[in-house]
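2 protein chains.
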Amino acid sequence: MNIDIQLVPFVPNPHLLFDRVVVVIDVLRATSVIIHAMSEGALEIIPVVTAEEAFQMAKAFPRGSVLLGGERESGNIPGFDLGNSPREYVAEKVKEKKLILATTNGTKAFHLVSSGKEIFVGSFLNIGAVAERCLESERDLLIFASGDDGSFSLEDTVSGGMLIELLARRGKKSVFLTDASQCAQILYQRFKDNLLEAFHLSRHGKELISRGFEDDLVYCAQIDITNIVPEFKVEVIRLSDCGMRNGE
Amino acid sequence: MNIDIQLVPFVPNPHLLFDRVVVVIDVLRATSVIIHAMSEGALEIIPVVTAEEAFQMAKAFPRGSVLLGGERESGNIPGFDLGNSPREYVAEKVKEKKLILATTNGTKAFHLVSSGKEIFVGSFLNIGAVAERCLESERDLLIFASGDDGSFSLEDTVSGGMLIELLARRGKKSVFLTDASQCAQILYQRFKDNLLEAFHLSRHGKELISRGFEDDLVYCAQIDITNIVPEFKVEVIRLSDCGMRNGE
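So the sequences go chain by chain: A and B.
For the record, in the first sequence the residue sitting at position 48 is 48 according to the working numbering, with numbers rising by one throughout.
For the record, in the second sequence the residue sitting at position 186 is 186 according to the working numbering, with numbers rising by one throughout.
Among the hints, a few may not be true.
Since the list can't tell identical chains apart, any single copy or any two copies may satisfy a pair.
Only pairs whose alpha carbons sit at most 25 Å apart, straight line, appear in this in silico SDA-like list of lysine to any residue [as the list claims (entries may be wrong)]:
#1 K192 to L177
#2 K98 to S114
#3 K206 to H15
#4 K172 to L201
#5 K173 to I225
#6 K192 to F176
#7 K233 to H111
#8 K97 to R87
#9 K93 to D215
#10 K59 to K98
#11 K93 to D81
#12 K173 to R190
#13 K192 to A168
#14 K172 to L196
#15 K117 to G150
#16 K172 to E207
#17 K172 to R190
#18 K172 to R203
#19 K206 to Q189
No wet-lab data here; the hints were simulated from the structure.
Given these sequences and hints, build the entire structure.
Okay, here's the thing in structure tokens:
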């Protein structure tokens, strides 16, 4: 298995997507939101790039049947039902609902990698289950770190590094790492005993703290609190059959 | 001083070049070659992107007054005087000569960052002197890691990380690091006691070893063997007055 990671969120070379598993990571906070919302029973999530697109898309559904969630520059969007704090996405609000999600980095990422063979949603919250799915698929892997407004993000790369560490430990000699994958693995090893430290050092983590979202950092630094692996397919994120395990 | 590092070698955002010092790094081997050749007395070096461009440019100079150097995919170029091994660029060959240099990654990098305010040539060979120049200029800094055929390169980032470490140590609280700069610094800290290990783990390092250039890796892993800081200005690399120190 070849493992590469896109450290800066531009459109990947087509050969890095062809017939590959892609794992999209936006730890703070889009993929953590998606994983949490689906673990609370959300039916499907449609990731869009702008708030305008979200409002436009909502018109295609019966009034009241979808919820709009997301943020712009870490703030709430007027007219949206939910922000971008995972803890808002509780069962009472999202169970059996469709969501349309618009965020700064994470939701765009899905569209950049849409030609991948299988596209999974990853964060620390489900990292072990994502590693299992990658091993089962036996395809080469591209991890897509959604980044920070077009730039490298420390927290997404540390999370990608943890996935690489898990796969390298299990796959041993059959796993081949690019220079970028080795970089991510080293970053994970640096922060593995204190993931929150990486969040506190990162630009985006600092911004979230300054806006009063420090509790979100603590929430998003939790490892393996669910086994679900949401999958992006034909513009929509759902739980595939394999994405729901252990009775969840 | 704000310090950023471009981890993947695409054209930087213009705001990252405006009024900034840029340090171009291609440890294996273009910037190591340039620094070594100038320390051996080469007058000036013109970095070009292709072998064809090098042949074309040579026609503008009197026959025999310039040397052509460089490589394609780590191999020599037919018709060129020199390859891309720093140890070839000895005084007997290059003293008081003009060189035209064409390599896979490093020479292209200079053209991508040409709108920077001051553009220095860095590698482990002169890293301390480069740090001094950056501190003297007091401008914000962009380190440009030339990468590996368009991708992230471990060795260039480790070298950029050493420059960041030196500047952060000297500048203390007045130095601000982006997430990417913190990443490079962590990579340097991982390999600081054994730079050769980083070369041996990197894709390009492995390729050079397989082609018989292991001695170049040992050569390029030397720290501070010269104090010269070549500067790229108006398409040409020369030693500026400040670039020659301590009687060199």
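> With identical chains treated as interchangeable, where does the CA-CA distance between K206 and Q189 reach 25 Å or less: within a copy, between copies, both, or neither?
Replying inline: both (21 Å within a copy, 23 Å between copies)
> Given a CA cutoff of 25 Å, do K172 and E207 count as a within-copy pair, a between-copy pair, both, or neither?
Replying inline: Intra 38 Å, inter 22 Å, cutoff 25 Å: inter-copy only.
> How do K117 and G150 come out at 25 Å by Cα distance, when the copy is not named: within, between, both, or neither?
Replying inline: both (24 Å within a copy, 24 Å between copies)
> Between the shortest in-copy and the shortest cross-copy C-alpha distance, which are at most 25 Å for K172 and L196: within, between, both, or neither?
Replying inline: between (28 Å within a copy, 23 Å between copies)
>> For K206 and H15, with the copy left unspecified, which applies at a CA distance of at most 25 Å: within, between, both, or neither?
In response: between (35 Å within a copy, 22 Å between copies)
>> Please sort K172 with R190 into within, between, both or neither, judging by C-alpha distance up to 25 Å.
In response: Classified as both: same-chain Cα gap 21 Å, cross-chain 21 Å, threshold 25 Å.
>> Checking an output row: K192 and A168, CA cutoff 25 Å. Within, between, both or neither?
In response: The answer is both: 15 Å in one copy and 24 Å across copies each meet 25 Å.
>> Cα distance capped at 25 Å. Does K172 pair with L201 within a copy, between copies, both, or neither?
In response: Between copies only: 16 Å across, 31 Å inside.
> At most 25 Å between C-alpha atoms: does K172 with R203 qualify within a copy, between copies, both, or neither?
Replying inline: between (34 Å within a copy, 18 Å between copies)
>> Reference check for the pair K98 and S114, CA-CA at most 25 Å: within, between, both, or neither?
In response: Intra 20 Å, inter 49 Å, cutoff 25 Å: intra-copy only.
>> My question is about K192 and F176: at a cut-off of 25 Å on alpha-carbon distance, are they close within one copy, between copies, both, or neither?
In response: Result: close both inside a copy and across copies, 21 Å intra and 24 Å inter.
>> Cα distance capped at 25 Å. Does K93 pair with D215 within a copy, between copies, both, or neither?
In response: within (20 Å within a copy, 64 Å between copies)
Hint 5 from the earlier list is the only one contradicted by this structure; the remaining hints agree with it.
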